[in-house]
Amino acid sequence: TQLLEQSPQFLSIQEGENLTVYCNSSSVFSSLQWYRQEPGEGPVLLVTVVTGGEVKKLKRLTFQFGDARKDSSLHITAAQPGDTGLYLCAGARGPGGGSEKLVFGKGMKLTVNP
Amino acid sequence: DSGVTQTPKHLITATGQRVTLRCSPRSGDLSVYWYQQSLDQGLQFLIQYYNGEERAKGNILERFSAQQFPDLHSELNLSSLELGDSALYFCASSVGGWNSPLHFGNGTRLTVT
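So the sequences go chain by chain: H and Y.
For the first sequence, our numbering assigns the number 501 to the initial residue and increments by one for each residue that follows.
For the second sequence, our numbering assigns the number 14 to the initial residue and increments by one for each residue that follows.
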């Protein structure tokens with residue numbers, strides 16, 4: 501059972517286009533982390549969202565945590581070839597959740613063509 | 014550079030063999046995590062150690078074991094290898110809190126033939 505579902509799973513777009521990737525769950529998470537992974541490398545943290553409804557911006561990337569803390573979205577404006585990679589969301593259940601481990605989605609593979 | 018070092022980068026071995034993957038965490042991080050990444054399953058949590066002790070266990074097979082040493086480096090041992098064990102194995106470290114971000118190494122690509 502995949503606790504975090506990401507959609508779309510694959511996306512190929514042209515430079516300059518906008519896109520949104522979704523991360524959904526039926527479970528409540530204490531926080532959501534977003535990572536980007538490039539080929540041959542490990543995932544690198546982009547942002548952590550903690551509060552329901554929270555919006556964080558990182559240059560052209562906008563992250564939102566759902567009000568109920570069950571879902572999150574990542575919006576990229578004017579995508580560039582350097583944005584190409586695998587985008588992973590990961591949910592943390594918090595200190596009362598019984599484990600410190602994060603639950604990862606399968607990721608969204610983004611290709612931005614010049 | 015995440016500060017997490019994994020060796021070897023690539024490993025090719027035959028079915029039935031045993032291998033050891035090594036991880037040096039980022040300086041100051043007490044917690045080490047092991048993940049397996051495959052195309053169909055994504056990143057699967059295997060096991061976590063905190064300051065030398067096992068903290069959490071995920072989908073780790075009985076043929077796999079791990080430990081964290083007093084100098085905080087960690088090893089993941091995979092035995093009786095099967096073709097299906099072929100995957101990327103990542104080590105990550107964190108300061109250890111439940112909400113701490115993970116710092117990943119660049120992984121070990123294991124190919125079982």
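Take these hints with a grain of salt, some might be off.
Said to hold, decoys possible - With a straight-line cut-off of 25 Å between C-alpha atoms, the simulated PhoX-like cross-links for lysine-lysine are: (1) H/Lys-556 x H/Lys-606; (2) H/Lys-606 x Y/Lys-22; (3) H/Lys-570 x Y/Lys-22; (4) H/Lys-570 x H/Lys-609; (5) H/Lys-609 x H/Lys-557; (6) H/Lys-556 x H/Lys-570; (7) H/Lys-606 x Y/Lys-70; (8) H/Lys-557 x H/Lys-570; (9) H/Lys-606 x H/Lys-570; (10) Y/Lys-70 x H/Lys-570; (11) H/Lys-557 x H/Lys-606; (12) H/Lys-556 x H/Lys-609.
If you're looking for bench data, these hints aren't it; they were derived computationally from the structure.
**Study point:** Those earlier numbered hints the structure runs against, lowest number first
**Key:** 3
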